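**Student:** The chain contents come next:
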Amino acid sequence: MSPHETIALNLNQAFRKAPVLNGNPSPAFVQYLEIIYTPEEAAILQYMKGYPGFMTTRQIAGAAKAHEQEVKLVLSGTLKKNAITQMGNAWCIPAMPLLLNLAAGLSNAKFDIQRAGKLHREFFVADKYYKHYQTSEAGTPSLRTIPIQKSIAPGEKILSSEEAHELINNLNHEDLLLAPCPCRTRQETLGARQCKDKNPIGSCIFLGLSALQLESAGVGRRVTKKEAIDYFDEMHKKGLVGATDNMARDNVIICLCCGCCCSHLGGRTRWDNPTAMAPANFIPRRADTCVHCGKCARRCWVQAITVSPKEKTFNLDPEKCLGCGVCTQFCPTESLSLKRMDRTRPFPSQDSLYKTLARENNRTYL
Amino acid sequence: MTRLKLKFLLLALAVALKFSQSRYPGIRERFKGKNRTIKIKAGKTEKTYTIRNGRFHLTAFREPACTSGLIWTDPGTALAVMTSGYDGDMMKAFQNNQARIQGDAMEIFWFFSTLKEIKDGLSGSLHKTWPV
Numbered sequence: 001m002s003p004h005e006t007i008a009l010n011l012n013q014a015f016r017k018a019p020v021l022n023g024n025p026s027p028a029f030v031q032y033l034e035i036i037y038t039p040e041e042a043a044i045l046q047y048m049k050g051y052p053g054f055m056t057t058r059q060i061a062g063a064a065k066a067h068e069q070e071v072k073l074v075l076s077g078t079l080k081k082n083a084i085t086q087m088g089n090a091w092c093i094p095a096m097p098l099l100l101n102l103a104a105g106l107s108n109a110k111f112d113i114q115r116a117g118k119l120h121r122e123f124f125v126a127d128k129y130y131k132h133y134q135t136s137e138a139g140t141p142s143l144r145t146i147p148i149q150k151s152i153a154p155g156e157k158i159l160s161s162e163e164a165h166e167l168i169n170n171l172n173h174e175d176l177l178l179a180p181c182p183c184r185t186r187q188e189t190l191g192a193r194q195c196k197d198k199n200p201i202g203s204c205i206f207l208g209l210s211a212l213q214l215e216s217a218g219v220g221r222r223v224t225k226k227e228a229i230d231y232f233d234e235m236h237k238k239g240l241v242g243a244t245d246n247m248a249r250d251n252v253i254i255c256l257c258c259g260c261c262c263s264h265l266g267g268r269t270r271w272d273n274p275t276a277m278a279p280a281n282f283i284p285r286r287a288d289t290c291v292h293c294g295k296c297a298r299r300c301w302v303q304a305i306t307v308s309p310k311e312k313t314f315n316l317d318p319e320k321c322l323g324c325g326v327c328t329q330f331c332p333t334e335s336l337s338l339k340r341m342d343r344t345r346p347f348p349s350q351d352s353l354y355k356t357l358a359r360e361n362n363r364t365y366l
Numbered sequence: 001m002t003r004l005k006l007k008f009l010l011l012a013l014a015v016a017l018k019f020s021q022s023r024y025p026g027i028r029e030r031f032k033g034k035n036r037t038i039k040i041k042a043g044k045t046e047k048t049y050t051i052r053n054g055r056f057h058l059t060a061f062r063e064p065a066c067t068s069g070l071i072w073t074d075p076g077t078a079l080a081v082m083t084s085g086y087d088g089d090m091m092k093a094f095q096n097n098q099a100r101i102q103g104d105a106m107e108i109f110w111f112f113s114t115l116k117e118i119k120d121g122l123s124g125s126l127h128k129t130w131p132v
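Chains as they are written, first to last, in the numbering used here: chain A, 1 to 366; chain B, 1 to 132.
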């Protein structure tokens, strides 16, 4: 077995599974890893674990039967590419969301991004890895939808962290960073971006640990909370769906997703994973001022709304609706607003989400 | 004063571990089958936490050799980071060489994850954040 194959199998032991089919690593994923890690790096990394399986330099050197200084040198080089996660003298292979997006804008290294994109399409879509990426084996989604207050009807109960502005303002730190959206970057590279004329590639808002990791690798631009909120609003206005980790605090990302490019939302719009991305606890309600123009239906990524101008009907499928509030942004008569409908329960903390994903994937987490 | 506060914090963590072990099944599950001796050290201040045969012991017998340790450069940083409630502060301390890990790194991350779970349990936030 090659070092790259061993890395793939080791990654598959982490709480979020890796692209491994019937116990064998997906050949396309192994080739992707070969783009990311040189043979010299892979020779060391094959003794390491996926996030959060941290090992000290000494532990890795012991396992690899190599000199500590030599290991440190190799790992420091890998760190410059952002292809490893470091906590002082402890290291691990990055979590899958970072690893899979390194060649799509989350690293300054010169990877063969065309080939990486094609391989990603092969193991992610063709081999159906997206199911394991978006949800656990039991269907627990790792991301959830997050609307903004402007879309929510006045007087509706909004819990802490349920709304984008609240979430950002309630962060207990100032580590926020904008970095290119890897999903749209990848599709653009492959010449397959369907939303090219509608949306910019734009950025994701990285928070806390992920912001610090990207910043230390020289990726992205640090922003204030206000700048992050303004950016979120600007993208939401363009019709992009706000999404964040499926937890109430410790969030590490806020994505602004389109149904054509997003690796998570795509589960609902392009692939057969209907529980991908948890819906928000809101649903649009229509006022009598509705003129049945159908703009909301055309903007809905998940086809939850059907409008008939002739028959003057408006129908909403609550099973499909994400409660993102994008429809409210495009209503010319401001007839749509989000009303509360409790239906999901985000995890209270990062550990509780990751432990659940691990348990449902038959893995362990810390 | 900082040293004293840190000493108190390290002792309080030990008491919380002992208390939570008897109160929360999740914590007992975490300790199950574990044999770990974890040392937190900052300057001359240090505290060892021993889990033997799946049970946390406040003091009791002679402690075995440490299986892992988190060594801070100074008590001030240790106190500030360990009470901040933000994981990024730990990462920044590591980036600035203000802390380093000895022994089994995973044990340290496991230990802090356990403390977070205890904190959530004590504050009740695991249950009250989302009433759905």
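Everything labelled a hint here was simulated from the structure, so no lab data went into it. No experiment lies behind these values; they were computed from the predicted model shown. Idealized CB from N, CA, C, for every residue including glycine. A couple of the hints might just be wrong.
Taking lysine-lysine pairs in the DSS-like style, the calculated list, with each CA pair at most 25 Å apart, reads [claimed, not checked]: (1) B:LYS116 / A:LYS49; (2) A:LYS49 / B:LYS7; (3) B:LYS7 / A:LYS225; (4) A:LYS49 / B:LYS39; (5) A:LYS49 / B:LYS18; (6) A:LYS49 / B:LYS34; (7) A:LYS81 / B:LYS92; (8) B:LYS92 / A:LYS72.
On the chain B side, residues computed to face chain A include the following (Cβ under 10 Å) [said to hold, decoys possible]: (9) ALA14; (10) ALA16; (11) GLY54; (12) ALA65; (13) GLN98; (14) ASP104; (15) THR114; (16) ASP120; (17) LEU122.
**Student:** Does each hint hold? Answer for all of them.
**Tutor:** Consistency of the hints with the structure:
Taking the CA atoms of LYS116 of chain B and LYS49 of chain A, the gap is near 23 Å; set against the 25 Å cutoff, the hint holds. Between LYS49 of chain A and LYS7 of chain B, the direct Cα distance comes to roughly 34 Å. Violation of the 25 Å bound is thereby established for this hinted pair. Distance restraint check for LYS7 of chain B and LYS225 of chain A: the Cα-Cα separation of roughly 35 Å exceeds the 25 Å cut-off, and the hinted pair is therefore not satisfied. Distance hint between LYS49 of chain A and LYS39 of chain B is fulfilled; the C-alpha atoms sit about 23 Å from each other, no more than 25 Å.
Under the criterion of a C-alpha separation no larger than 25 Å, the hint pairing LYS49 of chain A with LYS18 of chain B is inconsistent with the structure, at around 31 Å. Under the criterion of a C-alpha separation no larger than 25 Å, the hint pairing LYS49 of chain A with LYS34 of chain B is consistent with the structure, at around 20 Å. Annotation: proposed proximity of LYS81 of chain A to LYS92 of chain B holds, straight-line Cα distance about 19 Å (limit 25 Å). For the hint pairing LYS92 of chain B with LYS72 of chain A, the CA-to-CA distance comes to about 19 Å; that is within 25 Å, so the pair holds.
Here the hint on ALA14 of chain B is broken, as its CB sits about 20 Å from the closest CB of chain A, past 10 Å. The interface hint given for ALA16 of chain B is broken, as the beta carbon of that residue sits about 16 Å from the closest beta carbon of chain A, more than 10 Å. Residue-level restraint check for GLY54 of chain B is violated (minimum Cβ-Cβ distance to chain A is 16 Å; threshold 10 Å). Because the closest C-beta pair between ALA65 of chain B and chain A is about 16 Å apart, greater than 10 Å, the hint is violated.
The interface hint given for GLN98 of chain B is met, as the beta carbon of that residue sits about 9 Å from the closest beta carbon of chain A, less than 10 Å. At a threshold of 10 Å, the smallest CB-CB gap from ASP104 of chain B to chain A is about 7 Å, leaving the interface hint in force. For THR114 of chain B, the suggested interface contact is upheld, since its CB lies about 8 Å from the closest CB of chain A, less than 10 Å. About 6 Å separates the beta-carbon of ASP120 of chain B from the nearest beta-carbon of chain A, less than 10 Å, and the hint is met.
Given hint, LEU122 of chain B at the interface with chain A, is violated; its Cβ is 13 Å from that chain's nearest Cβ, farther than 10 Å.
The earlier numbered hints that this structure contradicts are 2, 3, 5, 9, 10, 11, 12, 17.
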